[in-house]
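**Student:** Protein chains in written order, with my numbering: chain A, 1 to 217; chain B, 1 to 271; chain C, 1 to 249.
No lab work stands behind these hints, which were simulated from the structure alone. Each hint should be verified, as a subset may be incorrect.
To be verified - Here are the simulated DMTMM-like cross-link-like pairs (lysine to aspartate or glutamate), alpha carbons at most 20 Å apart as the crow flies:
#1 A:Lys95 to B:Asp150
#2 C:Lys61 to A:Glu70
#3 C:Lys200 to A:Glu144
One letter stands for each residue in the lines below.
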Amino acid sequence: MNFLKRTIPLIIAFVMGVLMAMQYYVPHKLSQDLLEVVSKWDRIIAGFAVFIGAYSLLHLHWTRIKRKVEGWGYSVFVYFGAIITLLFGFLNGGKFFWNDKQDGTMFDWLYYYVQVPAGATIFSILAFFIASAAYRTFRARTNESTVLLLAAIVVMLGRVPIGNYISPYVPAIADWIMAVPNLAAKRGILLGVSLGAIATSLKIIFGIERSYLGGGD
Amino acid sequence: MERFLRIDRRIIFASITVAVIVSLVLQFELPIPASEPVQEIYEEIESLPKGSRVMIAFDYDPASKEELQPMAVAFLHHCFSRDLKVIGMTHYPGAPGLAEQAMTSVANQYQKKYGEDYVFLGYKPGSASLIINMGENLYSAFPKDFYGNDTTTLPALQDVDSLREINFLFDLAAGTTIETWIAFGKEKYKFDMGAGCTAVMGPDMYPFLQSKQLTGLLGGLKGAAEYEALIKKKANAVSGMRPQSVVHVIIIIFVIFGNIVYFTTRRTRHA
Amino acid sequence: MRKDSNFFVLVGTIGLFVCINIFLMASGKLPFSFDGFGVILGAGLTLAIYSFLYKDNPAFKIAENLYVGVSLGYTIIITWFNFLKPDLYDPLIVPMFSKAATKAPQYALIFPSLLGVFMFLRFSRKLSWLSRWTFAFVVGLGAGVSIPRVISAFILEQIKPSLHPVFSGGETLFSSVNTLLIMLGVISVLIYFIFSVEHKGAIGKISKIGIWFLMISFGASFGYTVMGRLSLLIGRIQFLLRDWLGVLQ
Numbered sequence: 001m002n003f004l005k006r007t008i009p010l011i012i013a014f015v016m017g018v019l020m021a022m023q024y025y026v027p028h029k030l031s032q033d034l035l036e037v038v039s040k041w042d043r044i045i046a047g048f049a050v051f052i053g054a055y056s057l058l059h060l061h062w063t064r065i066k067r068k069v070e071g072w073g074y075s076v077f078v079y080f081g082a083i084i085t086l087l088f089g090f091l092n093g094g095k096f097f098w099n100d101k102q103d104g105t106m107f108d109w110l111y112y113y114v115q116v117p118a119g120a121t122i123f124s125i126l127a128f129f130i131a132s133a134a135y136r137t138f139r140a141r142t143n144e145s146t147v148l149l150l151a152a153i154v155v156m157l158g159r160v161p162i163g164n165y166i167s168p169y170v171p172a173i174a175d176w177i178m179a180v181p182n183l184a185a186k187r188g189i190l191l192g193v194s195l196g197a198i199a200t201s202l203k204i205i206f207g208i209e210r211s212y213l214g215g216g217d
Numbered sequence: 001m002e003r004f005l006r007i008d009r010r011i012i013f014a015s016i017t018v019a020v021i022v023s024l025v026l027q028f029e030l031p032i033p034a035s036e037p038v039q040e041i042y043e044e045i046e047s048l049p050k051g052s053r054v055m056i057a058f059d060y061d062p063a064s065k066e067e068l069q070p071m072a073v074a075f076l077h078h079c080f081s082r083d084l085k086v087i088g089m090t091h092y093p094g095a096p097g098l099a100e101q102a103m104t105s106v107a108n109q110y111q112k113k114y115g116e117d118y119v120f121l122g123y124k125p126g127s128a129s130l131i132i133n134m135g136e137n138l139y140s141a142f143p144k145d146f147y148g149n150d151t152t153t154l155p156a157l158q159d160v161d162s163l164r165e166i167n168f169l170f171d172l173a174a175g176t177t178i179e180t181w182i183a184f185g186k187e188k189y190k191f192d193m194g195a196g197c198t199a200v201m202g203p204d205m206y207p208f209l210q211s212k213q214l215t216g217l218l219g220g221l222k223g224a225a226e227y228e229a230l231i232k233k234k235a236n237a238v239s240g241m242r243p244q245s246v247v248h249v250i251i252i253i254f255v256i257f258g259n260i261v262y263f264t265t266r267r268t269r270h271a
Numbered sequence: 001m002r003k004d005s006n007f008f009v010l011v012g013t014i015g016l017f018v019c020i021n022i023f024l025m026a027s028g029k030l031p032f033s034f035d036g037f038g039v040i041l042g043a044g045l046t047l048a049i050y051s052f053l054y055k056d057n058p059a060f061k062i063a064e065n066l067y068v069g070v071s072l073g074y075t076i077i078i079t080w081f082n083f084l085k086p087d088l089y090d091p092l093i094v095p096m097f098s099k100a101a102t103k104a105p106q107y108a109l110i111f112p113s114l115l116g117v118f119m120f121l122r123f124s125r126k127l128s129w130l131s132r133w134t135f136a137f138v139v140g141l142g143a144g145v146s147i148p149r150v151i152s153a154f155i156l157e158q159i160k161p162s163l164h165p166v167f168s169g170g171e172t173l174f175s176s177v178n179t180l181l182i183m184l185g186v187i188s189v190l191i192y193f194i195f196s197v198e199h200k201g202a203i204g205k206i207s208k209i210g211i212w213f214l215m216i217s218f219g220a221s222f223g224y225t226v227m228g229r230l231s232l233l234i235g236r237i238q239f240l241l242r243d244w245l246g247v248l249q
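Make a model of the complete structure from these sequences and hints.
**Tutor:** Rendered as structure tokens:
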């Protein structure tokens with residue numbers, strides 16, 4: 001049983017990893033066909049993962065309702081929103097879900113007038129918190145934080161039209177900050193992260209990194 | 001002085017809100033010269049001959065709509081005004097509605113026909129695998145478009161077998177899709193690529209600009225405003241520059257004032 | 001007493017919102033149609049979410065949870081129409097059960113579908129080990145596919161411009177200095193992130209330079225983050241003033 005639960009997954013990871021790494025260097029048509037088929041299969045598996053996320057979310061809110069934890073009533077709205085959207089989605093403007101998606105249905109209405117405004121607004125709240133945090137906590141306590149603060153101020157002024165009114169040097173300095181020191185730091189981070197990603201990929205392929213298998217036996 | 005450090009944050013929230021509302025309502029012009037990364041995308045589209053195929057990846061959802069939708073609309077205006085064939089797709093399940101809205105509304109202004117002048121392939125999961133699948137065989141990745149039409153029958157996709165035949169790819173990204181497109185798409189299938197991204201991600205894209213892996217970049221609402229000014233279709237992004245400028249100055253004043261108060265009270269305490 | 005006053009504030013605000021909308025519809029600024037009611041719903045949700053800035057309240061929580069539910073429903077339906085139907089249902093299930101089908105079923109799709117179903121067995125106590133096969137397939141494939149592409153796109157293509165000649169003809173002194181600065185920045189930042197060596201002596205000095213580059217970069221990122229978040233707020237206020245209240249053109 002340990003062979004099926006532990007060894008086979010490690011063999012699968014090794015075979016797929018080596019196969020796809022070597023595939024990159026083989027220009028033969030069979031190799032290209034393999035890449036096409038395997039990438040299609042990976043896409044299909046990724047699609048099923050969407051439903052795992054959906055199940056997890058619904059299960060979480062169902063547990064809250066069942067145990068009547070504090071604020072459980074709000075979880076009812078999650079189910080309400082999901083059920084009504086699914087209903088209109090499957091109804092598909094009267095054509096039902098086994099036909100092609102229809103335009104201008106109640107499903108689209110819910111998207112444009114519930115999901116879009118609510119989704120856009122939730123993330124826009126951060127603007128207020130950034131302004132508040134900038135006033136309350138952004139302090140030039142050390143030389144490094146002073147440099148950070150000055151760079152932020154120059155970039156903030158240089159990236160809006162008003163910076164040009166103050167001085168034409170402001171946008172020029174902002175552009176230089178982005179194109180030289182910022183570029184250098186981001187490139188250093190990118191190189192470091194990429195090297196780390198390659199090391200992790202190799203560890204996964206050779207079975208040294210096994211956290212993706214999950215716990216248990 | 002110290003009480004200024006403990007000011008109720010709702011006063012800060014209210015002042016930001018008032019600043020945005022007032023600067024939106026008051027109409028005043030601000031010059032918006034195009035920066036080099038934005039100019040590069042504009043010139044790339046200007047250089048494409050009529051009938052060239054441009055793929056737009058609408059890789060964002062409603063959370064980033066306010067920055068990226070104006071970019072999408074401005075870019076679509078430019079493509080349709082130059083009679084380029086536009087192919088839309090997305091990696092995000094929350095994007096199809098926004099992508100469809102942008103493509104349809106702009107295409108109608110230029111009397112473009114669906115299927116002949118533009119196509120919307122829709123959403124597919126898979127990220128890197130999807131890009132590789134599209135790079136090997138577009139019809140294997142998208143056997144049907146968003147509306148259920150067989151993609152092999154669409155005139156706009158004629159002579160397009162894979163990403164290799166795309167003349168330019170424009171990724172509107174709210175996440176890590178730009179790096180994914182570069183590593184799994186451009187690297188092997190050699191298409192020209194530009195990107196539009198949220199301002200939060202803007203600084204991270206500069207290494208790709210310098211290495212020419214990205215032809216150009218529209219960063220945030222400012223990037224969208226610059227592009228609108230270049231194509232002479234000033235809309236939401238340009239009008240958004242007024243409150244953007246005002247609130248930036250307000251936040252800088254907050255930061256400087258906060259530091260002055262902090263250091264003044266610290267000196268008083270030590271004295 | 002405090003709960004009562006909160007209740008009255010909430011009811012009063014909702015009442016004001018209803019009155020404003022009645023006025024907008026009566027004056028013709030909002031059409032009396034599905035779209036008009038949609039704009040009212042959108043504005044209501046926007047204001048309910050912004051009410052969190054004053055105080056956490058039921059209106060915010062209802063709006064937030066409703067959004068979560070609707071997005072979940074939308075994701076499932078879009079996944080059905082854009083993925084399950086064209087990639088599995090139409091090529092595999094329909095030809096198997098429909099006599100009118102013109103193409104043969106693509107039986108090869110059974111294998112990835114099975115792997116996809118195995119993923120759900122993660123929630124079963126007895127058969128959860130089958131989900132490991134799927135995860136191993138996906139993770140192994142991802143690792144193998146990434147290695148050569150990441151090396152090419154993120155390492156080689158990024159090192160190339162960093163090693164650009166300082167003087168190769170045509171550069172100004174300024175651009176040559178910038179090229180040197182970029183190389184210095186990249187090396188010093190990479191050295192800063194080597195934590196397995198103590199940052200003393202020459203390594204310490206170079207990593208200190210790396211810290212300065214990082215601080216400037218983080219300052220630039222902060223500036224852009226402020227810009228980005230403000231843009232989202234500006235967009236929402238534009239919606240409220242233009243689409244809902246009709247104050248902006």
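**Student:** Quickly compare the C-alpha distance for C:Lys200 and A:Glu144 to 20 Å and report which way the hint goes.
**Tutor:** holds (19 Å)
**Student:** Measure nothing beyond the straight line between the CA atoms of C:Lys61 and A:Glu70; if it is 20 Å or shorter, mark the hint as holding.
**Tutor:** holds (13 Å)
**Student:** Are the Cα atoms of A:Lys95 and B:Asp150 separated by 20 Å or less?
**Tutor:** holds (19 Å)
The structure meets every hint from the earlier list without exception.
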